[in-house]
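A.B. asks: Listed below are the residues making up each chain.
2 protein chains.
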Amino acid sequence: MSDAPQFDQAFLEKFEQLLTWRRDVRHFRTDPIDPALLSRLISMACLAPSVGNAQPWRFVLVKDAGRRAVVRRSFERCNQDALSDFHGAQAALYARLKLSGLDDAPEQIALFCDHGTSAGHGLGRKTMAETLDYSVVAAIHNFWLAARIFGVGVGWVSIIDPAEVTACLQLPKDWQLIAYLCVGYPVEEHDQPELARLGWQQREAPENCVLLR
Amino acid sequence: MSDAPQFDQAFLEKFEQLLTWRRDVRHFRTDPIDPALLSRLISMACLAPSVGNAQPWRFVLVKDAGRRAVVRRSFERCNQDALSDFHGAQAALYARLKLSGLDDAPEQIALFCDHGTSAGHGLGRKTMAETLDYSVVAAIHNFWLAARIFGVGVGWVSIIDPAEVTACLQLPKDWQLIAYLCVGYPVEEHDQPELARLGWQQREAPENCVLLR
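Residue numbers (our numbering), protein chains in the order written: chain A, 1 to 213; chain B, 1001 to 1213.
Read the hints as simulated data drawn from the structure, not as lab findings.
Among the hints, erroneous ones may be present.
Said to hold, decoys possible - With a cut-off of at most 25 Å between alpha-carbon atoms, the simulated DSS-like pairs for lysine-lysine come out as follows:
id, chain 1, residue 1, chain 2, residue 2
1, B, Lys1126, A, Lys126
2, B, Lys1126, A, Lys173
3, A, Lys173, A, Lys126
4, B, Lys1063, B, Lys1098
5, B, Lys1014, A, Lys126
6, B, Lys1014, B, Lys1126
7, B, Lys1098, A, Lys14
8, A, Lys14, A, Lys126
9, A, Lys14, A, Lys63
10, B, Lys1173, A, Lys98
11, B, Lys1126, B, Lys1173
Stated by the list, open to error - Label pairs and their in silico Cβ distance ranges:
id, chain 1, residue 1, chain 2, residue 2, range
12, B, Phe1086, A, Ala89, 53 to 63 Å
13, A, Gln202, B, His1115, 50 to 60 Å
14, A, Gly88, B, Asp1008, 12 to 22 Å
All C-beta atoms, glycine included, are put in the ideal place defined by N, C-alpha and C.
The task is simple: from the sequences and hints, build the whole structure.
C.D. replies: Right, here's the structure in full:
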């Protein structure tokens, strides 16, 4: 307890920069990621909180070209389908957005939640079972921030059919797909979301999302 | 782009300490949190990623004693109910665990996801709609890490009836409860989860949660 670290003003400012410059990256260079670095990022991800300390996160490193092609086709189809929901200028803008880095990112990681885990003995999950999935999201966010420290970008691809992607990975039945990540060095760095820069959706003021009760 | 920050080894080590010493806190001091600090933490939370840049997080600061009492009773009932699922030594250990800081923490914040938001125009949510909720989890995790930098502890209470808690807060119908947080200065600091220290659930080795496909 006496070893508890202190975090000074300099660290705080740098941490704020980290949050500010973490991006959902879609434009990747193809240079590989050192496997030792990837392992380190995963270890840092595993320091996330989890309900009942259940640690339900499972990192599936998708290496196989055939499986990557299944994911790529799933994205292509789902993205076409989403495009058809928009009209006029919004459809034109949607079509111009780059929404995945599947072609260039050297690493693809599917994140699953192990709904069958006995770890944690169910503590905290009876009333809000979704907290098990949320634990995996916290691990993903640790991974994302840690990656940015090393200059590594992460892009979260949600425009896929989760059943299709899960099936092609041949995993235990009770694993649920939480995220499909592209990981690699970004082509450029930004402090503003790409969707804000390209005019899809601007940032809201934080005070507008706070209520008193 | 030329202003992109570099993060050095010293920052990395400190960040790793931050992840290591962030805890789910249940033992709080009653000293108040400066409202300006709380606003700052919320602003840092709002730098989280969100699907389609939808920023669906809503922070409900629960101040009213009557509402807090509803939440307290909900926890008490749900916790008794959960205890009845365990037997023998495990039940005895469960009964000894402190699973909420509702009595002492000066701040209580309910985090909601606004399912009715038009921000983001649905981008990225058609195939995996749950990513809207996950965006709120990322904001919570930003808040949690930022709080720890200031020595402020966060405890996530999931042993409550979400319908009951939501009802007492009188919010728009399409807001979904993601988390109920206790926020305050912790009584002590630890680098190990309380559930590990007390023998409920140990840490797993990160390499055991990685698969190749």
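A.B. asks: Which hints from the list above does the structure break, by number from lowest to highest?
C.D. replies: 1, 5, 6, 7, 8, 9, 10, 13 and 14
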